[in-house]
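Enquirer: Hints are included, so try docking the two chains, each in its own frame, into the full complex.
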Amino acid sequence: MKLTNSEKAMLEGQEGEAVQKAMEMLVRYGEALGAEKFIDTTNVGGYMIANLEQYKRFNSFDGAFSEMCMDSDVTVKLPPVKVSSCQFETSMDPEYYKLAGKSDEEYELYKSNIDYLANLGIQVMCTCTPYQVGNVPVKGEHCAWMESSAVVYINSVLGARTNCEGRESTTSAMLTGKIPYWGLHITENRYGTHLIHVDEQPITMEDWGLLGYYVGKTVLDKIPVLDGIKKTPTRDMLKHFGAAAASAGGIELYHIPGITSDANTVEEAFGGRTPIEELNYGVNEKLNAYNLLNSIGDNENVDFIMLGCPHYSIEQVWDLCKKLEGKHVKEGVSFWVFTPQSIKDLANRNGFQKTIEDFGGLLMKDCCPAIGRFKPRGSSVMATDSAKQGHYLPNITGIEAWYGSVDDCVEAAVTGKWGGKFN
Amino acid sequence: MSGIIVLQGKKVVGGIAEGEALVTSEYISGWGGIEPTTGMIIDLRHELAGKSIAGKVLVYQGAKGSSGWSGAFHQARTNGFAPAAMIFNEMSTKIALGSVVTRCPAVTGLDQDPTKVIQTGDWVKVDGDKGIVETTKK
Chain A
1 MKLTNSEKAM LEGQEGEAVQ KAMEMLVRYG EALGAEKFID TTNVGGYMIA
51 NLEQYKRFNS FDGAFSEMCM DSDVTVKLPP VKVSSCQFET SMDPEYYKLA
101 GKSDEEYELY KSNIDYLANL GIQVMCTCTP YQVGNVPVKG EHCAWMESSA
151 VVYINSVLGA RTNCEGREST TSAMLTGKIP YWGLHITENR YGTHLIHVDE
201 QPITMEDWGL LGYYVGKTVL DKIPVLDGIK KTPTRDMLKH FGAAAASAGG
251 IELYHIPGIT SDANTVEEAF GGRTPIEELN YGVNEKLNAY NLLNSIGDNE
301 NVDFIMLGCP HYSIEQVWDL CKKLEGKHVK EGVSFWVFTP QSIKDLANRN
351 GFQKTIEDFG GLLMKDCCPA IGRFKPRGSS VMATDSAKQG HYLPNITGIE
401 AWYGSVDDCV EAAVTGKWGG KFN
Chain B
1 MSGIIVLQGK KVVGGIAEGE ALVTSEYISG WGGIEPTTGM IIDLRHELAG
51 KSIAGKVLVY QGAKGSSGWS GAFHQARTNG FAPAAMIFNE MSTKIALGSV
101 VTRCPAVTGL DQDPTKVIQT GDWVKVDGDK GIVETTKK
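Chains A and B are the protein sequences, given in the same order. Taking full-length UniProt numbering, I'd label the letters of the first sequence as residues 1 to 423. Taking full-length UniProt numbering, I'd label the letters of the second sequence as residues 1 to 138.
Be a bit skeptical, because a hint or two may be false.
Said to hold, decoys possible - So, partial list: chain B residues that the calculated Cβ filter (under 10 Å) puts toward chain A:
| # | residue |
| --- | --- |
| 1 | GLN8 |
| 2 | ARG45 |
| 3 | SER70 |
Hints listed in this document are in silico derivations from the structure and should not be mistaken for laboratory results. Note that the structure is a prediction, hence the values are computed from the model and not measured. The C-beta atom is built at its ideal place from N, Cα and C for all residues, glycine as well.
Chain B on its own, in the form it takes in the complex (with noise of 0.2 Å):
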């Protein structure tokens, strides 16, 4: 029996938006990373090469690579692939300015790691003002 699980932490952009997750705990590559075109992850040295982030709640590490990253996200948005949340545990330039300009809601800080507990396919509702992420085990 699948019961769902909440994990609480602390807004980084508002808002309420739900979909399936898509989890890696390494770091994500924005410009030369994901595809804007696409939604495609297209890092070749990725563990999630070739997937999709597009409609998807992103749960990851944090953000690395270029100053891009806000851009080819933002790219993302503008072209109708951006994801439909955010979690992630680090907190850096590049993802605040990231989450802001895909307009979607994102949470960081949570009191487990949404790496371990969330696993790619579980649905994830994520409410940005509230901190607040509900996991449905798939």
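Excised from the complex, chain A in its bound form (with noise of 0.2 Å):
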């Protein structure tokens, strides 16, 4: 890689020990990608929290993020970040760890590992959404950042350029300002790759995650454009729709020509190319892969509701509260929502929280089941309005999944029963 002479300072060790190792650590990525340089990044979101046995074996949290997020042999003092960082989704709501099974050290263990964060300057945001709680990337913006689904928000929806980075590039990006100037930072690595026409026109959150469960599984890695869609989707749909293509497959950046960032026209996603492949989203398409989606188990006796994978909106909240009035949960169901702590404040001010609380389900902040590999004590049989958590939980819990509409998850709720159908 050709390094500036600030570059090369750091990779000497000017700038100390952990740079030292960051910048190691981002010479070899970029060099095992290919990369010709890095480019400067002002925007960073990662993920740094030990469980139990990672800070036992290492000592301390630098020695544990020392070795699983800069992949370094030599423990070294993290300094403060260097550039603007944030935290993702973490492994538990301390509020409700118990819930999640956690015990009383690995809780102790979250709260240093907060405060250790906030004293490096990280923003302890703890969401899979930090676009939802004020990091919104401009188009153009070069970032750093882990998440799948916010990698594939960012990109596609606002313009801004990220690849999909890791635990070990996210931490060495915060403590250099630098990142390989490779793939989605390139323009000409932005465009789409296949046309999808979308003849079944996605109206509801469901539909959305429908559609992102099939562009995943069939393009994989690759650039998608659709062209067709009819109705503009709200933020929350393309949300849940890139979290859906980007867990099926790896899709990090996709076109909808006139309503996502990079592209007016078909032609302007193309880049004046041929697509490699066109393909038609038909019912048939849509059915596959809900039926994909729900085929892992086959008990319709529902125990667990789980809502907010990507972490609800305010919206999201409200809606389902307007759901909620009226009924309550059966005994025996656990109903958990899962957002960013600054829309559960909101929520708690305007009297959602409450409204969860009433119809027996609980507000969730900081996590997920899946991040943090728990489920509500004694559950087996999940339902969800997430095609990410659906396709996740069940390889990392053992618990079957249900995936279908808010109103169906509901239901669920209150009879204890899954009713959800194909429509």
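Expert: Below, the structure is given as structure tokens:
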């Protein structure tokens, strides 16, 4: 890689050992990619949460993060971050850690971990959706973000530029302000590859999740262009769509000409090139996505409802609350809704938190079951409105999962039975 | 009679290693796809679900899914369940970073599709620096 003088100075250790190790990591990574140089970034999102096993093995947060977040064999003391940086969603809600099966020791470690990050100047947003709570990158801004659902959102909807980074590259970027200039940082690599004619119009949130799951499964890690979308989706629909597409495949950028950031026309989205492949999304493709998502398990007795993956917006919390009034969750069913802390604060102010609690549910922050590797004690069948959580949680916890609409999930919470149908 | 098939590609991560091949033409998820405390593939919708990557030469199409890809492979290494080497077709940030922190030889851009030429159970030697993959059919 070609390094600037200041980058060479960091690599030589002139800004301290931690920055040196960070630079070493980025150079190894950049060379593996075949990148020619670094680009400056001023917006980094990463994951620096140590579990108990890692903390004990490496004896300190610095030790755990030197290894797990910088791939350094030696423990270095991490200095305050050089550029604006935030923490994505974490492993537990400190208020409800016991319900997630976490021990007091794990809770204490979590609190210390958050303090550690705050002391480094890392914004402890603790959400998979920083763009819902103030970190809204502008078009063209070079970012270094983790969290596949956030990466696809800021690339596509906002036109920011980031690859799907990992723990080691983001922590290193926080300390150096550098990330390899490769992939989606470069205009040339942002044009569409696959043209999808959307015949079956997505109307509801559930529809957008299914379309995303189909696109991810079909296009994998390429760049789809969706043609034929007649109704402008909401932010939440695009959030849901991208999360599903990034989980089923590895979509990091898509274009909906006239709606998302990079292109106003199909021609513009392809940069004048011919699509590698043209596909049609009709009712059969939608049905296949639904069946694939609902292929894990067959028990209709639901005992866990999970909403808020990616984290719910205030609009979603409001919409949910309208469906809950006058109803109550069935005994033995856990009804958990996940959102960032600042949206929870607003939900509290608006009385939404009380509505959810009166229904018998809980509004949780900071985490999700998949990242925290938890589920309600004894639960074995989940219903969710999230294609992403339905995709991952069975892999991680062995739970069965049903995917459907918010209405399906509320109904399952009240009756304890899954009654969702394809429509 | 079984001969040795030599494929030429390019270096992602240097080093030399050999082992039994575990092959899929599919993409592989890291976080939520492999279990770092056992090395098992836990993606229930994957054709290799239930197989272990530990000590294997992993031959696959590319990396998909969560940005925790590198983290999962990194933890698999610190827990002693890393693959011996990796051979893949599709370069990405997930796979490059994952290969680097797994610290195993990794090669891409081979002159033939390795997921077609190599089969699970073949013995494969990978020279990451030279980008050479030698396969002895089982």
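Enquirer: Checking each numbered hint in turn, tell me which of them this model violates, lowest number first.
Expert: Hint check: 1 fails alone, others pass.
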